[in-house]
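Enquirer: In the order they appear, the protein sequences are chains A and B. Using our numbering, you'd call the opening residue of the first sequence number 1 and step up by one each time. Using our numbering, you'd call the opening residue of the second sequence number 1 and step up by one each time.
By construction, these hints were calculated from the structure, which means they are not laboratory data. Backbone N, C-alpha and C define an ideal beta-carbon position, used for all residues, glycine too. Fair warning: there could be bad hints in the mix.
Claimed, not checked - Estimated spans, in silico, between C-beta atoms of each pair:
no.: 1; chain 1: A; residue 1: L140; chain 2: B; residue 2: R571; range: 49 to 57 Å
no.: 2; chain 1: B; residue 1: K642; chain 2: A; residue 2: D7; range: 30 to 38 Å
no.: 3; chain 1: A; residue 1: G102; chain 2: B; residue 2: T35; range: 49 to 57 Å
no.: 4; chain 1: A; residue 1: L30; chain 2: B; residue 2: A8; range: 44 to 52 Å
Stated by the list, open to error - Capping the alpha-carbon separation at 16 Å, the derived lysine to aspartate or glutamate pairs in EDC-like fashion look like this:
no.: 5; chain 1: B; residue 1: K451; chain 2: B; residue 2: E568
no.: 6; chain 1: B; residue 1: K340; chain 2: A; residue 2: E113
no.: 7; chain 1: B; residue 1: K340; chain 2: A; residue 2: E18
no.: 8; chain 1: B; residue 1: K642; chain 2: A; residue 2: E62
no.: 9; chain 1: B; residue 1: K535; chain 2: B; residue 2: E525
no.: 10; chain 1: A; residue 1: K70; chain 2: A; residue 2: E113
no.: 11; chain 1: B; residue 1: K123; chain 2: B; residue 2: E108
no.: 12; chain 1: B; residue 1: K340; chain 2: A; residue 2: E132
no.: 13; chain 1: A; residue 1: K143; chain 2: B; residue 2: E525
no.: 14; chain 1: A; residue 1: K52; chain 2: B; residue 2: E639
no.: 15; chain 1: B; residue 1: K16; chain 2: B; residue 2: D26
no.: 16; chain 1: B; residue 1: K58; chain 2: A; residue 2: E132
no.: 17; chain 1: B; residue 1: K359; chain 2: A; residue 2: D4
no.: 18; chain 1: A; residue 1: K70; chain 2: A; residue 2: E47
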Amino acid sequence: MGADFNDFLKKYPAGRRENLIPILQDIQDLHGYIPEPAVAAIAEHLEIPAVKIFSVATFYNEFRFNPGGKYHFQVCQGIGCQVDGSERIRAELSRLLEIGPGEISGDGWFSMEWVPCLGVCQEAPVLSVNGEFYPKMTPLRVKELIEKLQNH
Amino acid sequence: MGTTAIKADLREGLLKLITHQQPDTDKDLRHLGKTLRRERIENLTVFIDKTTPSSIYKTDLIAEAVNRWSEENQLKIDIVETGCLGLISVEPVIGIQVPGRARLYYGEIVPSEIQGLLDAITKQVIPEENLIGQMAFGTQQPWEEIPNWKEHPFFKHQTRTVTHLSGVIDPCSISDYIGWGGYRSFYRSIRYYSDTEILKMIEGSGLRGRSGSGFPAAQKWASAVGTPSDNRFVLCNADESDPGGYMHRVLIESNPHLILEGVMLAAYTIGANHAIIYTRSRYRMAVQRIQCAINQARELGLIGQDILSSGYTLDIQLKRGPGAYVCGEETALIASLEGKRGSPRTKPPYPSTFGLFGKPTLVHNIETLAQVPIIIEKGPDWYKQTGTSGSTGTKLFSLSGKIKRLGVVEVPFGTPLGEVINDMGGGTASGLPAKAVLLGGPSGQFVLPSKFDIPLDIDRFRENNQVLGSGSMVLLDEESCPVNLIKNMMDFIQQESCGKCIPCRDGSSRIMKTLTLISSRSMPEQKYEALDRFKGVTGMLELAEVMQSTSLCGLGKSAPNPLISGMELFREELEEHVFDRACRAGVCMNMRSFTVDPVACNGCNLCYTKCPEKAIIGTPRQVHYIVDDLCTGCGKCFEVCKFNAILVE
Chain A
1 MGADFNDFLK KYPAGRRENL IPILQDIQDL HGYIPEPAVA AIAEHLEIPA VKIFSVATFY
61 NEFRFNPGGK YHFQVCQGIG CQVDGSERIR AELSRLLEIG PGEISGDGWF SMEWVPCLGV
121 CQEAPVLSVN GEFYPKMTPL RVKELIEKLQ NH
Chain B
1 MGTTAIKADL REGLLKLITH QQPDTDKDLR HLGKTLRRER IENLTVFIDK TTPSSIYKTD
61 LIAEAVNRWS EENQLKIDIV ETGCLGLISV EPVIGIQVPG RARLYYGEIV PSEIQGLLDA
121 ITKQVIPEEN LIGQMAFGTQ QPWEEIPNWK EHPFFKHQTR TVTHLSGVID PCSISDYIGW
181 GGYRSFYRSI RYYSDTEILK MIEGSGLRGR SGSGFPAAQK WASAVGTPSD NRFVLCNADE
241 SDPGGYMHRV LIESNPHLIL EGVMLAAYTI GANHAIIYTR SRYRMAVQRI QCAINQAREL
301 GLIGQDILSS GYTLDIQLKR GPGAYVCGEE TALIASLEGK RGSPRTKPPY PSTFGLFGKP
361 TLVHNIETLA QVPIIIEKGP DWYKQTGTSG STGTKLFSLS GKIKRLGVVE VPFGTPLGEV
421 INDMGGGTAS GLPAKAVLLG GPSGQFVLPS KFDIPLDIDR FRENNQVLGS GSMVLLDEES
481 CPVNLIKNMM DFIQQESCGK CIPCRDGSSR IMKTLTLISS RSMPEQKYEA LDRFKGVTGM
541 LELAEVMQST SLCGLGKSAP NPLISGMELF REELEEHVFD RACRAGVCMN MRSFTVDPVA
601 CNGCNLCYTK CPEKAIIGTP RQVHYIVDDL CTGCGKCFEV CKFNAILVE
C-alpha cells in the first residue's frame with residue numbers, strides 16, 4: 001500500500017510543507033479516511049516527522065483515521081438546530097448506535113459526526129445520512145430511520 | 001456542474017462588453033447584453049434555485065417535471081440554475097419567464113404543481129398561490145395587478161448591493177455576470193487607475209471589515225502596499241465557520257464571480273501576483289462554484305499572465321479549509337495555509353506587513369471584498385450614501401432560529417434590529433413572544449426585545465461594549481432556553497479552542513462543566529462534588545472575565561460574551577436552573593420530570609421494559625408509577641408511550 005502512496009504523492013512538490021493539508025484532503029477524498037501507511041509516505045515526501053502530520057490532522061475537524069460506516073450520520077450543530085433541539089437527536093443517536101462522534105459501530109454499518117451549520121435552518125433540526133438530508137428530526141424519527149436502514 | 005466552457009463565438013463579445021467604454025452605445029453589444037441578462041429570451045425559461053438548502057427539496061425532480069411538461073406540450077423550455085434570492089424559508093424557489101414579459105418567482109414549489117403552473121402561465125393566467133412577486137428588467141412588460149417582488153415584506157426594506165444578482169443569474173456562468181456589467185470595474189482599474197487612486201477610493205468609501213471587528217479596509221491595504229517586498233498575497237477568507245450563520249455560503253453559491261472580482265481588485269491594488277480563496281471543504285457546492293468561476297475567468301484571460309494586455313499578472317488559487325472555527329482569525333488562517341495547526345500568534349507584526357510565508361498579506365472576508373467592485377463601479381461618494389457615517393454600505397445578516405421567514409437579508413448599516421427581525425423576518429414562527437436575539441453566534445451576545453430599536457452599527461455596539469459580530473441572528477422565543485444555548489455554545493468553543501492559551505482552553509471546559517451540572521436534575525453527589533458545583537457557579541462570571549482579558553486571540557476573548565450577557569439578562573432563569581432545578585422552557589433535557597397520567601395509562605408495560613434506569617414500577621394492566629429519585633430524565637418512557645400517558649413538566 002505504501003508504494004501506491006509514493007506514486008500518488010509524485011504530483012506534489014517534495015519538501016513543501018504547505019501542501020500537507022491539500023495532500024491529506026486528497027487522500028481522504030480518495031479513501032474516505034487517512035490510512036496509516038499514507039502518513040509515513042507523506043512524512044518522507046514532505047521531509048517532516050510523522051508526528052507533525054498527526055498533530056496537524058487531528059487539529060482539524062475534517063480528517064479521520066478510521067473508515068466511515070456504510071451509513072455516515074452528520075448531525076447539524078448549528079445554533080438554529082440547537083434551538084430546535086438537535087441535542088436530543090445527538091443523544092438518541094449515541095444511545096441507539098452506542099457510538100460517539102467520530103466513532104464507528106462494531107458491525108461497520110454506522111458512523112457519526114457532529115458538524116457545524118449545514119445551512120438548512122428552516123428544517124431544523126436536520127440530520128444528513130451519506131449527504132442526504134432528513135429534515136425536522138425527532139428522537140422517534142431517528143429511531144425509525146435507523147430501523148429502516150438496518151433492515152435495508 | 002464543474003466547468004462550463006465559454007463558447008468561441010461568445011468570447012469576443014464578452015471581452016468587448018468588459019472593455020468597451022460605453023457598451024450601451026454599440027447596437028450589437030446592447031443586444032448581447034440584453035440576451036445575456038435574459039432580458040430578451042426566445043423560449044419560455046424556468047429558473048430553478050440550486051443551492052445547498054434547496055437541494056434538500058430534490059430540485060432535480062422539479063427540472064424533470066418541467067422537461068416532461070415541455071415534451072407533452074411540444075414547447076421548448078430552457079432551464080437555468082440560479083442562486084438563492086435569500087428567502088430560504090420558502091425553498092425551493094423557481095422563476096418562470098415568458099418571452100417579453102417579466103419574470104415570476106414562486107416559492108414552496110413541489111414537482112406535482114409544475115404542470116398546473118406552466119399550463120396557467122402559458123395561457124397568461126397568473127396563479128397567485130405561493131407567488132413571491134414579479135421581477136421586470138429593462139423593456140420587459142410587467143404583468144398587470146401582480147405585485148413586484150420588492151413589495152414582499154422580506155425584500156421591501158432591503159438594500160441589495162452585493163446580493164443584487166443573487167437568485168437572478170446563473171452562478172456558474174461568467175457570461176451572465178458580464179451581461180450585468182461584471183468585470184468592468186476590474187478592467188477599468190487595471191487600465192486607467194493607479195493603485196493610489198484605488199486606495200483613495202476605498203478610503204473615501206469608508207469601507208470597513210465585515211468580520212466583526214470593523215477594521216478600516218483602507219488602512220490594511222495601505223499598510224500592505226507600504227511594506228517593501230518582492231511578493232504579496234491577497235487572502236480571501238470564505239471559511240465562514242460561525243455555526244449560526246450561512247450568509248457567506250449563500251453569497252458564494254449565488255454569485256461567485258463578484259467575489260472573484262473583489263479579490264482581483266484587491267490584488268491589483270496592493271500589487272499581489274497571488275491570491276488565495278479559502279473556503280470550507282464541507283461547503284461542497286460553494287467549493288465547486290468558486291473553482292468553476294476561477295476556471296472561466298482564466299479561460300477568458302481575466303486571470304493569468306499579462307491580463308487583457310495590461311502587463312499585470314495574477315494567479316488565484318482555491319484552498320479548501322479543513323474545518324476549524326479558529327481559522328477565522330487571520331494569523332491562524334495563515335498558519336493553516338502554511339500546512340500547520342491553525343493556532344493564532346501574537347500581533348504585531350500584522351499580516352499586512354508579515355503574513356503568508358513572511359510576505360505582506362491582505363486578509364479580508366468575502367463580504368468585505370464583494371463590496372469592492374461596487375465601490376469602484378459606482379464611486380465612493382455613491383457608496384457613502386448608504387449606512388451611517390461611521391459604518392458605510394450594507395451588511396448581510398442570516399436569520400435563523402424560531403423566526404418565521406428564514407433567510408439572508410442585506411440591509412444598510414444603522415437599520416434598527418427590530419426592523420430586520422419583525423418586518424423582514426416576520427417575528428416568531430410560533431406566534432409566541434420573542435425572548436431574545438442572539439447576535440453574532442458564539443462570539444456574540446443576547447439582545448432583549450425591549451432593545452430591538454438599537455441600530456445595527458459597528459460603533460453603536462462598541463459604545464455598549466458589545467460586538468455586531470459576523471452577522472448571524474438567531475431568534476429565541478418563549479420555548480427556548482438561553483442556559484441550554486449558552487451551554488451548547490460553550491461546548492462548541494471547548495471543541496474548537498486551539499488549546500494554545502490556558503484561559504480559553506481550560507476556562508471553556510470548566511464553564512461547560514458547570515453549566516452541564518446546573519442544567520441537569522439533582523443527582524447523588526459524593527465528597528466535594530456539591531461544593532465544586534457551587535464554586536463553579538459563583539466563580540463562573542469571574543472566570544469568563546479572565547478569559548476575556550487574558551486570551552490571545554478573538555476566539556477566546558469573545559467566547560464568554562454570550563455567557564456574560566446571558567447572565568445579566570436571564571438572571572432569573574439561570575437562578576431557576578440553579579436553585580429550583582427547573583427549566584421553564586422545558587428544553588434542558590436532563591431536567592425534565594416525568595409522571596404517569598393515571599387516566600390514560602392502560603398498563604401496557606412498555607415503559608417499564610424500556611426504562612434504562614429501572615425507575616418505573618408497575619405490573620401489566622395496572623397504572624404504572626415513576627420513581628422520581630431513580631429517574632434521570634432521559635425521556636425514553638415519553639417517547640415509547642403510545643397512549644400519551646407520560647406527562648412532562
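Enquirer: Now tell me, hint by hint, if it's right for this structure.
Expert: How the hints compare with the structure:
no.	hint	result
1	A:L140 to B:R571: 49 to 57 Å	35 Å, violated
2	B:K642 to A:D7: 30 to 38 Å	59 Å, violated
3	A:G102 to B:T35: 49 to 57 Å	51 Å, holds
4	A:L30 to B:A8: 44 to 52 Å	35 Å, violated
5	B:K451 to B:E568	14 Å, holds
6	B:K340 to A:E113	23 Å, violated
7	B:K340 to A:E18	8 Å, holds
8	B:K642 to A:E62	40 Å, violated
9	B:K535 to B:E525	14 Å, holds
10	A:K70 to A:E113	14 Å, holds
11	B:K123 to B:E108	22 Å, violated
12	B:K340 to A:E132	32 Å, violated
13	A:K143 to B:E525	33 Å, violated
14	A:K52 to B:E639	47 Å, violated
15	B:K16 to B:D26	10 Å, holds
16	B:K58 to A:E132	10 Å, holds
17	B:K359 to A:D4	36 Å, violated
18	A:K70 to A:E47	35 Å, violated
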